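Listed here are the chains, written in short residue letters.
Protein chains: 2
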Amino acid sequence: RVFTERENVRGCPRTYRIGSSALSGISGVAHDKMTDKAVFTRDKVLTIHTMNPTVKKVEYAVRGPIVQRAVQIEKELKEGVKKPFTEVIKANIGDAHAMGQQPITFFRQVLALCSYPELLKDNMFPEDAKNRARRILQACGGSSIGAYSASQGIECVRQDVARYIECRDGGVPCDPDNIYLTTGASDGIVTMLKLLVCGEGPTRTGVMISIPQYPLYSAALAELAAVQVNYYLNEDKCWSMDVSELERSLSEARKYCNPKALCPNLCSCQVYQDNVYAEGCQFHSFKKVLFEMGPQYSNTVELASFHSTSKCYMGECGFRGGYMEVINMDPEVKAQLTKLVSVRLCPPVPGQALMDLVVNSPKPGEPSYNNFMKERTATLSLLAEKAKLTKEILNTVPGITCNPVQGAMYSFPKISLPEKAIKEAKALGQAPDMFYCMKMLEETGICLVPGSGFGQKEGTYHFRMTILPPTDKLKILLAKVKEFHQKFTKQYS
Amino acid sequence: RVFTERENVRGCPRTYRIGSSALSGISGVAHDKMTDKAVFTRDKVLTIHTMNPTVKKVEYAVRGPIVQRAVQIEKELKEGVKKPFTEVIKANIGDAHAMGQQPITFFRQVLALCSYPELLKDNMFPEDAKNRARRILQACGGSSIGAYSASQGIECVRQDVARYIECRDGGVPCDPDNIYLTTGASDGIVTMLKLLVCGEGPTRTGVMISIPQYPLYSAALAELAAVQVNYYLNEDKCWSMDVSELERSLSEARKYCNPKALCPNLCSCQVYQDNVYAEGCQFHSFKKVLFEMGPQYSNTVELASFHSTSKCYMGECGFRGGYMEVINMDPEVKAQLTKLVSVRLCPPVPGQALMDLVVNSPKPGEPSYNNFMKERTATLSLLAEKAKLTKEILNTVPGITCNPVQGAMYSFPKISLPEKAIKEAKALGQAPDMFYCMKMLEETGICLVPGSGFGQKEGTYHFRMTILPPTDKLKILLAKVKEFHQKFTKQYS
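Chains as they are written, first to last, in the numbering used here: chain R, 73 to 565; chain A, 73 to 565.
Just chain R, with the same shape it has in the complex (with noise of 0.2 Å):
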């Protein structure tokens, strides 16, 4: 009988001798009066002290305590019991199916075939999306979904993403080899992160980060113990990125580490290629910027893109879909990046599929184009409408101003805080920005992340609000900020 895969098939017998000798440990009986039973007490292996030490540094406020706390209140109010409000609006995470947004038909038409290929003898669906389906199945082992992929992705699938990055890139090539599918951006981006880490004290690898950063980069750091580096955005000029700035930074860095990394850079991530909404603004890939900056850039500069199919116009977080883009990657560790993701055996498969299906979507005559495009800029214009509303309505708030929204799901408006609060935060060993937030959940039901929990200019107070309620519920969102704002300043000054 075969072990290798650890099932333990008539591991009865075995097991109670492995527990009366190796496993055995009892450090003590005790004497339960209440159930005049014995109780048996063992010194645990794991402990917050023995458990691994990078582990216990990892900190993710977008799932933070507040959002625990959120979560308990929900309960709360599920099981009758009586706040100030009657919901809690989550503007914590770019979740934008979970605040409503609805998924684009084309999509999930093809992942139900995909699923259920007996469909395809259904008429309900248009030809494009079953061609689209059985195109995805021919490339599954078995022509199911069920098969394991190749480690680096399905072979067309990657074909499609490369095509679509050469039509984004104005034909800058782009070799599918170079192509790795991700289960979401975050996966590719940890694993990424994860080849770079070496070294030790002043040789330790560095990697450079604007501030405020999205937490998944300082907890992949910290797991992996390497370097944090920040750089500031510049909040005044509406989070720009200034060179000053980043040679400082690197400059400090070089005193303490070994900085080799730029975040967005070495690591750029695209997730929001679509969500541009301010006027005269629109994405450029690093890629295409170092090729039109010619070949001592285009050439040399070891460059990874992440996408994923859980923002833009899709929103489809829970497939967790996602691909990256490695160029002048040396061969030998290109070589050990398809090792290492093949230990993962395979990204899911229903994401790979979706994610071929947002690189290769539906095309001028095809029966799903006009829906498509109908709904995709249904859902972007939606999204600029919220953009706008939000920077306006946040700005006639004395003590909040906040940059216009051009991209993405977030504000991040800056709040002054009265002297008072900030002491009384203080003192219960709260950031001020959390001490803040924390209230005006409590109070309003409003779920957002503290600004400290992306990192912040020292004496600074930010929070972070996606854009993605509905818009009559943004709008009572909003009316509720600001009103929470007043009171809390008032309350404290």
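Read the hints as simulated data drawn from the structure, not as lab findings.
As the structure is a prediction and not an experimental result, all values here were calculated from the model.
Please note: incorrect hints may appear among the correct ones.
It does not matter which identical chain is meant; a pair holds if it fits inside one copy or across any two.
Here are the simulated lysine-lysine pairs, BS3-like style, with alpha carbons at most 25 Å apart [stated by the list, open to error]:
| no. | residue 1 | residue 2 |
| --- | --- | --- |
| 1 | Lys411 | Lys116 |
| 2 | Lys116 | Lys327 |
| 3 | Lys266 | Lys116 |
| 4 | Lys147 | Lys406 |
| 5 | Lys360 | Lys116 |
| 6 | Lys411 | Lys266 |
| 7 | Lys128 | Lys266 |
| 8 | Lys266 | Lys129 |
| 9 | Lys202 | Lys360 |
| 10 | Lys406 | Lys129 |
Let chain R serve as the given structure and place chain A on it in line with the hints.
Only chain A this time, still in chain R's reference frame:
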């Protein structure tokens, strides 16, 4: 504008400046006579010498060089290259659907309904499938499987998992808060190992794994720079576990590391719990056994158990669904675990839905029950038949000895190799069984995994072969293996 999630709207002009400052570093300019162009060279940031050394140590035989070569050969065949065979038969990995196993109709119906809820209006689906889909959708944000779930997994799915475990283990209680949904079993196993690792030198965490092992363990331990502690299963006793060997391994390990976990035990994988074929054999979960051993074990031994949608009668590898149950885990550590899994946001929601269907399959009286049972039984009895067939035919080959395949999907026969072959392999710097399997692939198109990829007693050689190919193809495969082995033995004697 908000940079917190790192898209690079309007990044273009800034990037030019970054490019010309922080990021430049051209180390030389050469001249390409062919193109009459200047070729810029630049020292790579990321090379085999500067990359993460622990990643270099990772090996994963199930998708190693032999499988990569198999993929090449398939391409060559497509391109019309003449070979002594017309197709590659992959018996290297437990990928049931790729080998023609059909998905369970009920599961795929519910997944289609969840993907495209419009189908709930369709009469072609049975009511119980529709009810399962409605229940899952109601538990999703915005009633969409495209929304993120809680990081620990959808609550009602975790409740179903807990009920399933209680029923499977004859009433031993299971708390849904101890259930974590995962991206396949691998994800859960790696996460648990990650929690465990700490210390340096002789205090470095050691993890005891059975040899032969599943290469995920050695790969994960290498990446975590933990110490792999081997204990050998007894091939002569049908790969059973000898406690004396466990104790030998443990006491030796204590000299050079801090052995903390026993796999399977603190990590107990149960992905084959339905794949038990041998007379008088049945599946016993370690948790149930601990309870039978009494409170001094069931209240103290820290145990993590894993299951997935990939094996058993489902074979749905591509969905990457799974769960982990932890018992007796220190509450502080559990909080750290919950925090850690929140960084990857959530497991793929379609995989969570599928896991729910596995633990909450059709009940007697429900419309889909009979067909579900028919499909389930057919798949499992076919596997049992192929397990028997594999053992019987392999044992007719002089120089091959194969234990009964009592469970799972694999045989791990011992092969005797001629001295001359062993010498030639070593001259090529190859493991002798790698040399053997590579030759078999080139000559027969059969893709097996060398025993050295799983570990084996010094001086013994094996290969791992799945029992998954369709019966007719399996017979051809076994005949070819027989023929090859005889030819190989002759050639090198």
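These are the hints, each one checked on the structure:
In this assembly of identical chains, Lys411 and Lys116 lie within 25 Å of each other by CA distance solely across copies; the values are 20 Å between and 35 Å within a copy. When the C-alpha separation of Lys116 and Lys327 is checked against a cutoff of 25 Å, the pair qualifies only between copies, where the shortest distance is 21 Å, while the shortest distance within a copy is 41 Å. Taking the closest pair of Cα atoms, Lys266 and Lys116 come within 25 Å of each other only across two copies (17 Å); inside a single copy the shortest separation is 30 Å, beyond that limit. Within a single copy, Lys147 and Lys406 get their C-alpha atoms only as close as 47 Å, which misses the 25 Å cut-off; across copies the closest is 21 Å, which meets it.
For a Cα distance limit of 25 Å, the shortest separation of Lys360 from Lys116 across copies, 20 Å, qualifies, whereas the shortest one inside one copy, 54 Å, does not. Proximity of Lys411 to Lys266 under the C-alpha cut-off of 25 Å is found in both arrangements, the shortest distances being 13 Å within a copy and 19 Å between copies. In this assembly of identical chains, the alpha carbons of Lys128 and Lys266 lie at most 25 Å apart whether taken from the same copy (18 Å) or from different copies (11 Å). Proximity of Lys266 to Lys129 under the C-alpha cut-off of 25 Å is found in both arrangements, the shortest distances being 16 Å within a copy and 13 Å between copies.
In this homomeric assembly, Lys202 and Lys360 never come within 25 Å of each other (Cα to Cα): the closest approach is 34 Å inside a single copy and 47 Å across copies. Taking the shortest Cα distances, Lys406 and Lys129 sit within 25 Å of each other only across copies (15 Å), while inside one copy they are farther apart (29 Å).
The structure is inconsistent with hint 9 alone, although it conforms to all the rest.
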